[in-house]
Amino acid sequence: MVAAGLVPFALGSDTGGSVRQPASFCGVYGLKPTYGAVSRFGLVAYASSLDVIGVTAADAATARAAFETMRGVDQFDQSSVDYPAPAAAAASDRLVVGIPEDVLDGVDPAVRRALQAVRGRLEEAGIRCVPVQLGSLEYVVPAYYVIATAEASANLARYDGVRYGVRDGYASADAEEMTIAARSAGFGAEVKLRILVGTYVLRSGFQEQYYQRAQRIRTLIRRSFEHAFGEVDLLLMPTFPVPPFARGDAGLDAFQQKQGDLFTCTANLTGHPALSVPGIVDGGLPIGVQFMAPYFREDLLFQAAALLAAQTEAPRPPGYLGPHSLLAEDG
Amino acid sequence: MAPAASFAAAYQPHIGLEIHVQLITASKVFCQCRNAFGDRPNENVCPVCLGYPGILPALNSEAVLGAYVLARALGCTLSTRTVFERKNYFYPDLPKNYQISQFGAPVGRDGAFTAEIDGLRAPVGIREVHLEEDAGKMIHAGDISLLDYNRTGTPLVEVVTQPELTSATAAEQFLEEFRRTVRFLGVCDGNMEQGSLRCDANVSVNRAGAGLGNKVEIKNLNSFKFVRNALAFEIGRQTAILEEGGAVRVETRLWNENRDCTEPMRVKESEDDYRYFPEPDLPPFCPDEPFFAAVEERLVELPLARRDRLREQYAVTAQQAAFLTAEPDTAEFFERTVAAGGDASLAARWLGADIRGYLNQRRETLAGSHLTPERLAALLAMLNSGAVSGKIAKQVLAKVIAEDRDPDAVVEEDGLRQVTDAGVLRPILERIVADNPRVAAQIAAGERKPAGFLMGQVMRHTAGRAHPDQVHALIDALYEPAQNGESNDRD
Chain A
0 MVAAGLVPFA
10 LGSDTGGSVR
20 QPASFCGVYG
30 LKPTYGAVSR
40 FGLVAYASSL
50 DVIGVTAADA
60 ATARAAFETM
70 RGVDQFDQSS
80 VDYPAPAAAA
90 ASDRLVVGIP
100 EDVLDGVDPA
110 VRRALQAVRG
120 RLEEAGIRCV
130 PVQLGSLEYV
140 VPAYYVIATA
150 EASANLARYD
160 GVRYGVRDGY
170 ASADAEEMTI
180 AARSAGFGAE
190 VKLRILVGTY
200 VLRSGFQEQY
210 YQRAQRIRTL
220 IRRSFEHAFG
230 EVDLLLMPTF
240 PVPPFARGDA
250 GLDAFQQKQG
260 DLFTCTANLT
270 GHPALSVPGI
280 VDGGLPIGVQ
290 FMAPYFREDL
300 LFQAAALLAA
310 QTEAPRPPGY
320 LGPHSLLAED
330 G
Chain B
0 MAPAASFAAA
10 YQPHIGLEIH
20 VQLITASKVF
30 CQCRNAFGDR
40 PNENVCPVCL
50 GYPGILPALN
60 SEAVLGAYVL
70 ARALGCTLST
80 RTVFERKNYF
90 YPDLPKNYQI
100 SQFGAPVGRD
110 GAFTAEIDGL
120 RAPVGIREVH
130 LEEDAGKMIH
140 AGDISLLDYN
150 RTGTPLVEVV
160 TQPELTSATA
170 AEQFLEEFRR
180 TVRFLGVCDG
190 NMEQGSLRCD
200 ANVSVNRAGA
210 GLGNKVEIKN
220 LNSFKFVRNA
230 LAFEIGRQTA
240 ILEEGGAVRV
250 ETRLWNENRD
260 CTEPMRVKES
270 EDDYRYFPEP
280 DLPPFCPDEP
290 FFAAVEERLV
300 ELPLARRDRL
310 REQYAVTAQQ
320 AAFLTAEPDT
330 AEFFERTVAA
340 GGDASLAARW
350 LGADIRGYLN
360 QRRETLAGSH
370 LTPERLAALL
380 AMLNSGAVSG
390 KIAKQVLAKV
400 IAEDRDPDAV
410 VEEDGLRQVT
420 DAGVLRPILE
430 RIVADNPRVA
440 AQIAAGERKP
450 AGFLMGQVMR
460 HTAGRAHPDQ
470 VHALIDALYE
480 PAQNGESNDR
490 D
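Note that the protein sequences, when read in sequence, are chains A and B. With numbering that gives the first Met the number 0, the residue at position 24 of the first sequence is 23, and numbering never jumps. With numbering that gives the first Met the number 0, the residue at position 212 of the second sequence is 211, and numbering never jumps.
Rather than coming from a laboratory, the hints here were simulated on the basis of the structure. No residue lacks a Cβ here, since even glycine has one placed at the ideal position from N, Cα and C. Fair warning: there could be bad hints in the mix.
With beta-carbon atoms standing in for the labels, derived distance ranges [stated by the list, open to error]:
(1) Gln211/A <-> Asp287/B: 22 to 32 Å
(2) Val72/A <-> Ile240/B: 58 to 68 Å
(3) Gln211/A <-> Gly53/B: 25 to 35 Å
(4) Ala246/B <-> Gly204/A: 18 to 28 Å
Pulled out of the complex, with its shape left as it was, chain A reads as follows (with noise of 0.2 Å):
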């Protein structure tokens, strides 16, 4: 919608990565600002600890401007916070980029173009790239599947028939057996897969093996960037590590599908703000790169995007019709 122009920008929920690489698959930015950042009132939950209200646009701007408009405590949501806006600016040749080289494993050769594409622009911008080392993400989705997926058992569970779900009428059977129609009715295969998923997870004398496993991995992986956001400002790496993929078939199997989200997911997971920016259009398709900051400071995420644009104006790809195509239409 944002890339065809019908919209100046559009939100929509980041709980893995559902901003950040479609923007990347259509040369937009994409933004999930930091957890607690923005109020998730409102917002029907798949992962409540993940979930973060995101925005699509065509620039860093529109984006910026959308997120300071949304951003701020809310009395209905007791995990936003309030936070003051950041001091002044700082001086971009003194801002430092870390490039995580030790977990681009696997990373498709395109993705590298990108990654090294806007490394080059930053650079000129004067801004220093270095090699940071994250340790390994390895246990980053895994561990994403299983407090995603344990948080959307408990979520999905009102969808029984009685007030919400699916329900023809008044139910003639009891009310067990009206849940389980409701719910084998109302979802899908991929949702039935991820609420029993969740529910293993979290069986009593599985926890220890499963669900506490992955929070204390997820406090590993916070530290791990906390320490790394010690050294640099921001982080720059792929936003998904192959180059969009044709509609329909991915050509990815289900496990590969899971593990590219990798680098987004890996944000929800520890709360920071990251922005996939446009990186290069490669054979016609758009890559995009992601750049994350420590914990409220989507403001040195803007900052980049917006040197970057200075540099060189966002490479779009063919059919890309951008914020302004209508208004040109109509002209």
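For chain A, the structure is supplied; the task is to place chain B on it using the hints.
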């Protein structure tokens, strides 16, 4: 020794209670709906307590404070970081199909609560105190089921005791003391009929000294009578099974009040698996110093301690002390009456008898009536000084309560002051004698018989205000005309 007795002595019941306490708060625990009983069904509901998709809970600080106050009063170690968790189970009265409750880090743990059980006092361990949301109510009407969500989200504190109670009557007495305690603390109205206070019990009988036996949970013991009867029945049932060499099945049973027995509800193959995990929508609650100070401020002298103190300080009887501390309002009223100058012994007696009776008759409560401690103190002072008789005092009390007037004003304005003046009483007596020649003749003959009649008549003519001792003296004087005449002459 009879065989039955030896068997009974060989078995030991172990009873633990799970008590649910609905907190008195203005609003529900996670939303701003009114927390009230008895409103029209589904009147106090909103998207939050109905669990709409997209809603989030927001913790009510008044409810957390209530939970901490109760945990503190029960001697628990208070959590400095208490965590809410989702308890997952499917039930139609639970809109989200998970209950926000606590598991790993409840408000309080490891407390002890002492009740007087059969005259003895021993602390009963409190395993934990946690805060959760109440569920809705299902009403079954013929072949349909209706749902009332007014109760959904009512702040509910669950208190779990150790299995240290050893008889049905012990459990009942414990629960009675517990109920008084939550009422004194002002955290719960203790109304078991309306479900503000609910109780489940875990019962296991085993050979004495052999530890806990197989546990049977008994649900919904919603009156003291049910607690007593259900536990007595269940202890008997389990004992009989063991005596026959059988094994008690682990299960949940319900008390059937119509058949006076417990009946199986469902067999527990294994423990229910509620798949608890921390509620991601609510950050852990970490009380600060001002919060703990507020908890301390809400603590009051508990009823058992107050009972002891009243006996010691005011020399009231054990029975009076028990009555005075049955309700927090009564204890407060009594002490304020004494503070206002009222006689403690009289106040205790009047509160327990005439005042209670009259208020019951009018369906009024002490706190809601026109009687104040100051008014009672004034009335008792008049009674003590002889300004009014006991009988008149009761009339004054009725007028104070019915007409919202001060006792002094009632006595003065309605002319109820006791008449002691012989100058007023003697002419009345003389007229009565004059009007009854037969009595006059009896007196002349020195017969004592008419004395009672004369007393009654004087009282009738003075509307009960005549001072009985003075009337007695005057009647006596009728029998000694000569001496009287002499003394009169000297006047």
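Non-conforming hints, listed in increasing numerical order: Of the numbered hints, all hold.
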